[in-house]
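Undergrad: From first to last, the protein sequence lines are chains H and P. At position 104 of the first sequence the residue is numbered 104 (this note's numbering), and the sequence of numbers has no breaks. At position 190 of the second sequence the residue is numbered 190 (this note's numbering), and the sequence of numbers has no breaks.
These are calculated hints, taken from the structure and not from any lab test. Even for Gly, the Cβ is constructed at its ideal location relative to N, Cα and C. Incorrect hints may have been included.
Unchecked claim - Some chain H residues near chain P, calculated using beta-carbon distances under 8 Å:
hint, residue
1, Met-1
2, Gly-30
3, Trp-91
4, Phe-95
5, Arg-108
6, Thr-129
7, Ala-165
8, Asp-166
9, Pro-170
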Amino acid sequence: MIRRLKPIVFLASLAPLARLAWKAYSGNLGANPIEVITHSTGDWTLIFLLVTLSVTPLRKLTDQLWLIRFRRMFGLFSFFYATLHFLTYIWLDKFFDMHEMLVDIAKRKFITVGFTGFVLLIPLAITSTSGWIRRLGGRRWNRLHRLIYPAAIAGVIHYYWLVKADVRKPLQYAAVLSLLLGYRLVISVFRNSRQTTMQDSRARACKSLASCPPSVRPAISVTTSRIRGEMLAGTKSQVDPSEAELIECALSGQEEEFRELARPCEHSWLLKLF
Amino acid sequence: MLIKKPADIASSEITPKNVYLNRRNFLVGAALAGAAVAAGVGLNERRSPPVIVQANAKIDGVQKSKFSTSESVTPYKSVANYNNYYEFSTDKYAPAGLARDFKTRPWTVSIEGLVKKKQILDVDSIIKLAAPEERIYRHRCVEGWSIVVPWIGFPLSVLINRVEPETKAKFVKFTTIYDPKQMPGQRESVLAWPYVEGLRMDEAMHPLALLTFGMYGEILPNQDGAPLRIVMPWKYGFKSAKAIVKIEFTENQPINTWNEAAPNEYGFYANVNPNVDHPRWSQANERRLGDFLKRPTLIFNGYADQVASLYNGMDLRKYF
């Protein structure tokens with residue numbers, strides 16, 4: 001299913017570029033084509049950044065774990081459009097005049113902040129492979145990839161500082177970004193309470209289990225033990241240890257207990273967020 | 001200061017006007033309300049009979065001007081479809097469509113302030129004040145792009161002289177129409193409406209300052225400032241107010257809309273100057289629409305020989 005969906009999502013993510021290319025080819029990029037290319041690649045960088053940042057909240061809200069498997073692709077597409085955006089700037093605006101580019105970066109704060117955002121994305125793109133996740137270890141990898149937060153903030157500020165008077169569009173991006181980052185902030189505050197964490201992950205485990213048909217449970221069991229192995233080896237921190245443990249226990253037949261644990265969250269949609 | 005003369009690019013081909021706009025040809029202003037002209041003074045006796053104003057109507061008897069550049073004229077299609085006209089939209093590609101049904105007749109211009117002949121003038125009487133001239137001007141936007149446009153109009157000084165400003169009058173203030181029903185951009189508070197621009201009296205009286213009602217041999221398209229605008233070729237584009245309904249003579253320097261919006265970024269003078277950066281971007285270069293490479297921006301947009309003397313002794317960094 002996901003295997004079939006992936007190429008479709010991949011091609012859809014290329015559509016903005018294809019559209020630009022088609023318009024350029026058919027001479028429909030308007031009076032100032034370079035401006036259109038610059039703005040469009042910049043827009044799509046931000047859009048993909050926001051999409052990337054919404055994967056995790058969406059996954060948690062909907063209990064659709066498979067969503068996570070698209071996160072890397074979205075992140076890389078954001079980097080892809082950011083690269084095109086940057087290339088448009090150094091090629092069509094600065095004509096590879098590195099000196100002038102450096103002066104610009106130092107002097108123009110909207111370029112400084114935009115360039116910073118772009119630079120922050122580079123290590124994320126490089127370490128996006130499974131090999132790098134292994135090499136860095138889950139925890140360190142996760143910590144490194146939090147750079148997407150300042151990168152996205154920089155991107156939105158870059159846009160906000162660029163416009164002359166009409167800040168409505170940059171503010172729309174800012175609103176979505178605040179929502180996505182605010183969500184994470186709230187969670188991290190709640191996470192500080194260990195009690196909450198335990199309860200949440202239990203509830204989450206129960207919910208995912210309850211929605212699984214019995215036939216796929218053995219598969220979950222295998223996955224769970226793999227995850228646990230990875231966690232013990234320090235290479236995986238996506239799943240809360242207690243969550244994995246609970247899933248495992250549940251699979252070994254203690255469903256009664258889990259239904260009991262799941263009860264509090266059934267009445268609170270808020271808990272679902274965690 | 002060494003002022004480079006613009007290298008006039010010998011260009012034989014003036015791009016033929018491309019009838020690009022699928023604009024309905026519409027007839028407006030057939031009924032010119034006689035009441036539009038209120039006071040029976042000044043130019044009213046010269047008021048012409050009702051004119052049928054047709055979008056893209058040809059303007060006859062247009063004279064050439066020695067002030068025209070011989071640089072390649074930007075295609076009509078670009079000038080008529082790429083407009084910074086925030087009254088309609090902040091999207092430059094939108095005004096061409098949004099302004100399609102904008103009513104430019106009947107249209108009056110109110111002459112107010114420190115002037116002997118205060119009056120309300122019909123736009124059709126104004127455009128008949130002098131023989132139409134074609135002025136092919138460079139036009140540089142503060143955003144860093146530029147175009148070359150064959151405007152049609154006559155010197156703004158013609159109108160100013162007719163209305164006889166008082167000696168106290170030091171500035172001229174131009175106000176654009178405020179009509180949110182017709183101008184969707186004015187329903188947003190992106191700028192403080194109505195749009196106001198101003199000139200020092202000597203700038204307004206300068207022979208290059210053009211009172212404009214046409215381009216490319218025709219009546220101005222609505223999205224380019226119809227029915228009446230000014231064109232100040234040595235200043236950034238935002239100084240060239242569009243769709244003017246009021247011309248006021250004042251003693252004090254008016255506050256122009258962009259200056260009000262961002263005083264550190266947009267001054268009153270807004271003379272094109274490659275040496276004074278916009279706080280957020282460089283003004284050293286510009287992209288002429290249609291060009292791949294950017295070109296250096298010229299001081300006073302290449303009109304230094306004509307206008308630099310207006311600013312003798314002024315610190316152009318301070319009075320940007």
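Undergrad: State for each hint whether it applies.
TA: Hints versus structure:
no.: 1; hint: Met-1; in the structure: violated (40 Å)
no.: 2; hint: Gly-30; in the structure: holds (6 Å)
no.: 3; hint: Trp-91; in the structure: violated (10 Å)
no.: 4; hint: Phe-95; in the structure: holds (7 Å)
no.: 5; hint: Arg-108; in the structure: holds (6 Å)
no.: 6; hint: Thr-129; in the structure: violated (37 Å)
no.: 7; hint: Ala-165; in the structure: holds (5 Å)
no.: 8; hint: Asp-166; in the structure: holds (4 Å)
no.: 9; hint: Pro-170; in the structure: violated (12 Å)
In summary, the numbered hints that this structure violates are 1, 3, 6 and 9.
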